[in-house]
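Residue numbers for the sequence shown, in my numbering: 1 to 190.
If you're looking for bench data, these hints aren't it; they were derived computationally from the structure.
Glycine residues also receive a C-beta, built at the ideal position from the N, C-alpha and C atoms.
Worth double-checking, as some hints may not be accurate.
Pairwise CB distance ranges, derived in the manner of DEER restraints [to be verified]: (1) Gly21 - Gln61: 41 to 49 Å; (2) Ala143 - Thr30: 37 to 45 Å; (3) Gln69 - Arg32: 48 to 56 Å; (4) Val139 - Ser54: 17 to 25 Å; (5) Val139 - Met22: 14 to 22 Å.
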Amino acid sequence: MPGIYLMAILTILLSAIFWGGMVYLFSGRTRRYLWLFALGLPLSGIVNLWIKPSVALWLGQVTNVPPGQGLTKLPGWFLFSLFMLTPILEELIKVTPLVLPQVRRLIGDRATAFWVGTALGISFGLGEAAFVAYSVAQVPEYASLPWYALTGYASERFMICLWHGVMTSIFVMGLQHGGGWSVIGYLKAV
1 MPGIYLMAIL TILLSAIFWG GMVYLFSGRT RRYLWLFALG LPLSGIVNLW IKPSVALWLG
61 QVTNVPPGQG LTKLPGWFLF SLFMLTPILE ELIKVTPLVL PQVRRLIGDR ATAFWVGTAL
121 GISFGLGEAA FVAYSVAQVP EYASLPWYAL TGYASERFMI CLWHGVMTSI FVMGLQHGGG
181 WSVIGYLKAV
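Work out the full structure, taking the sequences as your base and the hints as a guide.
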């Protein structure tokens with residue numbers, strides 16, 4: 001078994017405990033947001049394995065940029081478009097749990113919107129840590145490393161969970177405010 005999987009398990013568990021504890025502590029010692037951590041776990045895999053590749057292929061088809069050219073032969077504007085797919089699509093998928101009435105009912109004001117967004121973003125980050133570990137395990141040079149040599153992965157993924165929470169909270173607060181603020185919140189998150 002590649003060492004990245006053991007490091008991923010440790011990273012995901014410690015991140016969930018630490019960031020879940022922070023949400024619990026700073027949201028007024030309430031557990032009402034903690035169940036949201038389960039909702040975002042599969043979303044990174046969904047967006048990275050199915051949605052982004054499909055959108056990139058579609059974008060290439062409508063702009064007549066053939067696939068498989070390699071990065072050095074792609075037009076700069078197309079590379080930028082591919083680069084921007086990540087934040088554009090990830091910010092959208094992170095808020096998809098808001099289609100559930102149970103999640104929407106948690107949002108009553110800016111403070112609750114902040115905590116709902118933070119929990120959804122952190123949960124996306126936890127799922128992304130699993131997805132990145134799977135991707136790393138596919139590279140033989142990394143797969144052969146022992147788990148303790150992958151502390152860079154652990155520290156980066158730990159902090160990325162927080163940043164996903166921050167960005168998603170900005171978007172959800174914009175959605176809670178309504179109107180044009182929804183678009184502004186989304187663009188700020190992107």
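* For this structure, which hints from the list above don't hold up? -> Number 5 only.
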